[in-house]
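Asks: Here's the letter readout for the chains.
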Amino acid sequence: MMREARIRRMPMALSALVALALAVLPLPPVLQALRPDLLVLVVFYWSIESPRAGGLTLAFISGLALDVIQGVVLGQHALALTLMAGWATHLRLRLRVFSVLSQCLTIFALLTGYQFVLFWVDGATGNPVTTFGRWLAPVIGALFWPLLVGALSRFRER
Amino acid sequence: MVAFRNSDTSGRITGLLLRCVLYSLLALGLIIVDKRYDHLGRIRRVLSVVAYPVQIAVASPFEGWDWFRESVSSRGTLRADKAKLEAELRLAQFRLQRYEALEAESQRLRALRDKTAEVTDRFVIGNVMDIDLDAFRERVLVDKGAQDGVFVGQAVLDSGGVFGQVARVGQLTAEVILVSDATHAIPVQVNRNGLRTIAVGTGDMGRLKLPYLPTSADVIAGDLLVTSGLGGGFPAGYPVGTVADVKRDPAQSLADVDVKPAAALDRSRELMFVWLKAQPAAGTGAAIAKSLPPAARMPNVPVPHATPPQAQPQLRSPNEAAKPATIPPPPGANDE
Chain R
1 MMREARIRRM
11 PMALSALVAL
21 ALAVLPLPPV
31 LQALRPDLLV
41 LVVFYWSIES
51 PRAGGLTLAF
61 ISGLALDVIQ
71 GVVLGQHALA
81 LTLMAGWATH
91 LRLRLRVFSV
101 LSQCLTIFAL
111 LTGYQFVLFW
121 VDGATGNPVT
131 TFGRWLAPVI
141 GALFWPLLVG
151 ALSRFRER
Chain S
1 MVAFRNSDTS
11 GRITGLLLRC
21 VLYSLLALGL
31 IIVDKRYDHL
41 GRIRRVLSVV
51 AYPVQIAVAS
61 PFEGWDWFRE
71 SVSSRGTLRA
81 DKAKLEAELR
91 LAQFRLQRYE
101 ALEAESQRLR
111 ALRDKTAEVT
121 DRFVIGNVMD
131 IDLDAFRERV
141 LVDKGAQDGV
151 FVGQAVLDSG
161 GVFGQVARVG
171 QLTAEVILVS
181 DATHAIPVQV
191 NRNGLRTIAV
201 GTGDMGRLKL
211 PYLPTSADVI
221 AGDLLVTSGL
231 GGGFPAGYPV
241 GTVADVKRDP
251 AQSLADVDVK
261 PAAALDRSRE
271 LMFVWLKAQP
281 AAGTGAAIAK
291 SLPPAARMPN
301 VPVPHATPPQ
311 AQPQLRSPNE
321 AAKPATIPPP
331 PGANDE
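Taken in order, these protein sequences are the chains called R and S.
Per the numbering used here, the first sequence runs over residues 1 to 158.
Per the numbering used here, the second sequence runs over residues 1 to 336.
It is worth saying that the hints were derived from the structure and are not from the lab.
Glycine is no exception: its CB is placed at the ideal position from the N, C-alpha and C atoms.
Hints are supplied without guarantee of correctness; some may be wrong.
[Claimed, not checked] Residues from chain R shown here face chain S by an in silico Cβ test under 7 Å; the list is partial:
hint, residue
1, Ala33
2, Leu79
3, Leu83
4, Thr89
5, Pro128
6, Val129
Required output: the full structure, derived from the provided sequences and hints.
Replies: Okay, structure coming up:
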């Protein structure tokens with residue numbers, strides 16, 4: 001049990017790091033609003049795939065990293081990501097038997113919740129971003145989900 | 001394609017709710033402490049050092065590509081570039097001759113009038129890093145931080161004009177908020193007639209707004225806006241933008257004025273961090289500026305505070321050769 005958990009953490013950390021790098025990769029301004037929240041999806045994946053390997057800790061640390069890198073209030077992404085990763089872990093058994101479409105819809109709901117927490121913290125700390133573009137992110141993320149799961153499970157097999 | 005294949009499919013996860021609540025409370029606590037109190041600055045600085053390798057790793061391939069393109073550019077292009085740069089340099093030097101004379105004159109006149117000279121004294125050049133911060137906020141990351149003396153609120157210029165100000169400082173990097181950010185405002189003045197107002201960002205890099213001008217205000221398309229220096233954050237007299245469009249609706253009490261920013265907000269790679277000469281003691285930057293000897297801060301120009309009226313003749317001497325005839329001799333002005 002203990003040993004299994006330790007083996008699993010390496011790909012977790014690695015994929016999270018790659019996703020973090022992709023989150024700040026410079027894109028042309030037109031594509032910026034279309035960038036999927038890859039790190040969030042990666043955290044969801046590991047929360048569902050290996051819930052005992054510490055998905056919540058990964059969520060909290062990844063969230064903090066996003067806060068620091070994006071320069072927003074410390075704890076904003078950490079809060080949103082922890083809550084939604086907890087929810088994803090709770091839903092994991094159902095998600096596993098869902099069809100691709102239902103999975104995407106569930107992920108869409110999770111991502112919307114994530115954006116909502118971000119939106120709420122933004123508003124509470126006095127710099128609201130009311131652009132409509134931010135509500136596009138859950139759609140993009142949900143469309144990316146099957147690709148990401150495919151890539152990550154292949155990555156895990158090796 | 002979408003498949004989860006681990007064996008761990010059964011059972012409850014002990015303490016999931018507890019851990020979720022704990023982490024959430026921790027995050028909430030962080031948010032409140034970060035928002036309400038200023039204690040997290042040091043923690044954030046340390047964390048930003050940890051994040052630095054990731055930022056470098058992302059930015060370096062792009063810098064490498066730029067370097068590669070530069071190194072394989074053809075001889076013809078380089079020659080053309082060189083000719084162009086030389087022409088520009090000649091023009092700039094020509095202008096600069098006059099600028100130095102004028103600045104010396106302005107300094108002298110200010111000293112005569114016993115006013116503080118709100119002139120910038122020190123620049124540090126920083127490079128914009130190839131990092132996208134937030135798609136919905138106009139900010140850039142620059143590779144100068146607290147260890148270079150950069151401080152929060154510091155004015156940042158590019159070669160065209162005012163670029164923005166420092167929003168957050170890490171140990172090695174600083175986050176600059178652009179003048180076009182929707183939450184940014186800067187005190188400005190119409191260069192033609194001295195009309196003072198505030199330019200506010202719109203969230204669009206190509207546009208600022210002057211929302212506080214009445215319809216009767218004397219402002220026309222093409223007017224140059226410069227910083228007024230009021231509020232103390234920005235040095236006075238730097239271009240902010242030109243008025244692009246003025247819409248006057250008689251039914252409204254305020255005019256709708258669009259401004260095109262002077263700085264190349266979407267293209268600039270080199271930015272200048274500015275220290276004001278009369279900077280109120282604000283963090284490390286001011287401390288560094290003060291620790292420099294006056295001569296290093298601005299050669300040829302005496303410190304206005306330090307010169308009593310009796311010292312005027314001395315004061316004149318360094319610039320005498322450069323500007324013999326254009327201004328009346330200071331002692332005459334002093335007698336009145």
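Asks: Indicate, hint by hint, whether the structure satisfies it.
Replies: Cross-check of the supplied hints:
no., hint, result
1, Ala33, "holds, 5 Å"
2, Leu79, "holds, 4 Å"
3, Leu83, "holds, 6 Å"
4, Thr89, "holds, 6 Å"
5, Pro128, "violated, 9 Å"
6, Val129, "holds, 5 Å"
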